[in-house]
Amino acid sequence: MIPGSFELVRPASVEEAVAALVEHGDDAKVLAGGHSLLPLMKLRLAMPAVLVDISRIPGLSYVRVEGDEVAIGAGTRHHELEKDAVAAAEVPILPYVASQVGDPQVRHRGTIGGTVAHSDPASDLPTALLALGGTVVVQGPSGRRDIPITEFWLGFFETALAEDELIVEIRVPRTGSAGWAYEKFTRRANDWPIVAAAAVDGRVALANMAGSVVRATATEEALARGASIAEAAALADQGTSPGADMHADQDYRRHLARLLTRRALEKAAGAPAAAA
Amino acid sequence: MSILGTRVVRTEDPLFLTRGATYTDDLADDRLVGALHATFVRSTVAHGRLLSVDASAALEAPGVVAVVTAEDVADLVPIPPPFPFVNRAMTRPWLASDRVRFVGDPIAVVLTEERYQGEDAAEMVAVDVDPLPAVVGTAAAASDEVLLFPEAGTNVMASFGQPAPADFFDGCEVVVTQPMVNQRVAPVPLESRAAAAAWGEDGRVTVWCTNQGAQQARGQFGDWLKMDPDLIHLITPDVGGGFGAKIGADPEYALIAWLARHVGRPVRWAENRSENLIGMLHGRAQDQVVTIGGRRDGTIEAYSLVVDQDCGSYPRIGTVLPTLTMLMASGVYGFPRVHAQARALATTTTSIGAYRGAGRPEATSALERAVDLFAAEIGMDPAEVRRKNLLPAFSEPHTTPMGATYDNGDYTTALDRALDAAGYAELRAEQARRRERGDARQLGIGMSVYVEITGADNGAGTGEAASLEVHPDGTATVLTGTSPHGQGHATAWAMIASDQLGIPVERITVVHGDTDRVPQGGGTMGSRSLQQGGAAVHQAAGELVELARQRAAEKLEVDPEDLVVDLGLAGLAVRGTPGTGVTFAELAGDEQLLVQTHFTAAAPTFPFGAHVVVVEVDVESGKAEVARLIAVDDAGTILNPLLAEGQRHGGYAQGVAQALLEEVLYDEDGNPTTSTLADYPFISATELPSFELVEMATPTPMNALGAKGIGEAGTIGATPAVQNAVIDAVAHLGVRHIDMPTTPMRVFRAVQQAQGGN
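Going down the list, the protein sequences come from chains G and V. Here the first sequence is numbered in UniProt numbering, starting from 1 and rising by one per residue. Here the second sequence is numbered in UniProt numbering, starting from 1 and rising by one per residue.
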């Protein structure tokens, strides 16, 4: 439970951070809140030679409206998002989902950029972001580029981010009063989701049903065709490839995906919950 | 008014809550200056032949002073089984030499100048193991196809009892049998294991280690290291939880002392959390088969419990747990025929020890599930079946068919109080409405009635020592052989002394856990402390008053019979002459005022109670949540309700945790899959309701305080009540049994299967 030895780099700006990433290549890992990376390092499942600590770079924590979008700084901590008035008004699913991450300690340290970059399929905020759609803004040695959120996560701990790029911002559409819901299934309040379903405006994303968070495309298509919520939700696990662990085997995960999708869609549609 | 029975706030808490306690790993003792840090190299293979251990690379690593392997400890005699009834060939090497028997089996120790260097160097110790098939689960163990100790010729560590006679259930109208699992759980104290040792020039060793009884640990050190116990000064610093897993010493602790002599420098060790989850004793781990028979009118005539106890790799307290389970097999009931039988089996897993209740929760869970199964089979309300079969209230000792002699009990009143507090009839009505409507969230109502045995000393000697001294400045010191690790003895023992002496609680210091100051003691385990250690303090206070009376009589030139304790004075006054007297402090100024005593209870005590639990089960997902937990826990006279309630709350939490969440798991190769707290589902407050406590107090005649034990009742009562509630929530769908932990997937599958699905 003691990490291997590493060098700590503390850049003062995004540019310095990118320069450090260029210099150290795949020997380096970015440290933000540390609540995913540090446990892996303590278990020695991750042994980066260089840690680039971006937590002291100013100006990476904000939530603001820009046109039709809400821009969220990559360094915004879950707790800040949870309590943010702009987010609550413009994209209310995000403060709610932020409130469902881990426990208060995790929420006060973890950042939205960190959870997006980590690409754990059992993550709350990425599931909501995938349902929202939007853009991941990244900065590399040759400047900034936008990656559509639907193309960002490639698999378990695998993203479209290049080795020398840093996530600087997440942009999502303003959803205002559109219906939304997040149904997270756990055994304990502070757990990662065994399965979760996020629904916003007819789009549905699932946590922990594949190597990365995924959209329930069969459900979305059925809804677009005018299918009922029950009919559409029954298709939620189509195209997914869930894993098995002590909490759930594959069949049970598929069942949960269908159940949680139905409940999320019912809630988002303003229907009373199936059971009081 | 007596201070006893009042909610005195814990005097130890200001320190714990502000500056923090001093746990073993926090020690900054002069004797530990320059201590080396020990890091264990542990087997990553469950079972195999140890071919070689190559430490040459590790020895070159920064900060490494020594790497110790089996060859170096060859002068130490392997640790024999802790009980005479265990197969004598099942000894434990100090460090694995020719075979490894569980993931976590110590193979080598790396000693480094700094702690962090140890984990780096330990990775460089090359261990070559030729794997053998793992033995996971009692069925694999009992088959004896693969032996952990070939020289023993079997995996059976010990056997208890005989099979039931063939005609045992003859004449019963209904017989129900059910295999069930009382799963392996991890104790997870917040403070994991730690030890430190330093040798003096006088040939004595000072050892600090986190445990539940310094004197017992010292005895084990002496036995294992072949040392005169007088040469061992064992100190138990503040302890952050034990739950039974810190009873006595672990071999690692004694090895730390040996290593300190071996290298000629102090050595300290603190395990990390993953090491704790594989290295510290686990608890429970019984596979049970219950059979219960009786008449359709609800009368139960015969009950049989057969236990296979998974003991893990090396015999520890786990080997004796089934005897406690057997002793308490018939619990609160007056069944005419009771049978119990058990085997203790070796598997290639972490050893099993005591865990909050230690054998008794396993008995109660089996029994209370069996009664529910019987009730379901005959279609009778489970409360009614219980009432029909409970032993009638008794105030004279009652001996059960299993040979336990209960001091007193009134189980029907306990059940009725719990059901009344719960509003049982209305709960059943609400359940019926939800079933009628086919709600997704169904209500489950579970109950348990229990009796347990406490203060039954287990090899630690019987009774408890106490000494009490009043000092000339008016303060007092209590020395006790009990060993608090969260219970609040500093407050409780001070209350007992204060009650008889009039010295305020805050002026009384309680000393424990130092074998030089308190050479005798039984420690804290088995819910023994108040009824033995507290009773010893009570006896000491009485003896001190008598000693003071003789001295005061001489000093005041009065008849001792004319002197009475004046609590306001904190001394003795002449009867009928207020203001004339002498304080204990003044007497102590004349001559040391000290008594040393030993209290031995005539017999164990048998606390009892009843729990009612309400759960809501989402039948679409299978997830159960505890909505209410109503508990009657009769532990005799309560010394301090605040402390007693704390014990009850903690026990309920661990009971709910076992019923709903926790299980230590191994894969088929014997690899632990729950060795971090991300995987091992430790319960938190968010999974628990506010508990509803119902009072009942039937004093025991076994000690002057009237106290029975309260430390373990919570787990004993709550665990089966929660499990029964979860099953009750889906009983109308045809489900009769679900093993613990009642995970969402298990509940969902049970419903599917009952409904004829896949």
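Keep in mind that the hints were calculated from the coordinates and are not lab data. Glycine is no exception: its CB is placed at the ideal position from the N, C-alpha and C atoms. The reader is advised that the hints may include incorrect statements.
Over the 10 Å line for every Cβ pair with chain V, so calculated as not near, a few chain G residues [unchecked claim]: (1) Gly4; (2) Tyr96; (3) Thr217.
Capping the alpha-carbon separation at 16 Å, the derived lysine to aspartate or glutamate pairs in EDC-like fashion look like this [what the hints assert, rightly or not]: (4) G:Lys29 to G:Glu66; (5) G:Lys42 to V:Glu301; (6) V:Lys555 to V:Asp590; (7) G:Lys29 to G:Glu16; (8) G:Lys267 to G:Asp201; (9) G:Lys42 to V:Asp228; (10) G:Lys29 to G:Glu151; (11) V:Lys388 to V:Glu301; (12) G:Lys42 to V:Asp590.
Status of each hint after checking the structure:
A Cβ of chain V approaches the Cβ of G:Gly4 within 10 Å, the least distance being about 7 Å, so the stated non-interface status is violated. Interface exclusion of G:Tyr96 from chain V stands, the closest Cβ pair being 17 Å apart, more than 10 Å. Non-interface status of G:Thr217 relative to chain V is upheld: no Cβ of that chain comes within 10 Å, the nearest being about 23 Å off. At most 16 Å may separate the alpha-carbon atoms for a hinted pair to count; G:Lys29 and G:Glu66 exceed this at roughly 30 Å.
For the proposed pair G:Lys42 and V:Glu301, the alpha carbon gap of about 57 Å is over 16 Å, so the pair is violated. Note on V:Lys555 and V:Asp590: the hinted pairing holds, with a Cα-Cα distance of about 10 Å set against a maximum of 16 Å. Distance restraint check for G:Lys29 and G:Glu16: the Cα-Cα separation of roughly 14 Å lies within the 16 Å cut-off, and the hinted pair is therefore satisfied. Between G:Lys267 and G:Asp201 the alpha-carbon distance is near 11 Å, which keeps this suggested pair within the 16 Å criterion.
Using a Cα cut-off of 16 Å, the hinted pair G:Lys42 and V:Asp228 is violated, with the two alpha carbons roughly 41 Å apart. Proposed proximity of G:Lys29 and G:Glu151 is contradicted: the alpha carbons are some 22 Å apart, above 16 Å. Proximity of V:Lys388 to V:Glu301 is assessed by CA-CA distance (about 11 Å); at most 16 Å being required, the pair is judged to hold. For the hint pairing G:Lys42 with V:Asp590, the CA-to-CA distance comes to about 61 Å; that exceeds 16 Å, so the pair is violated.
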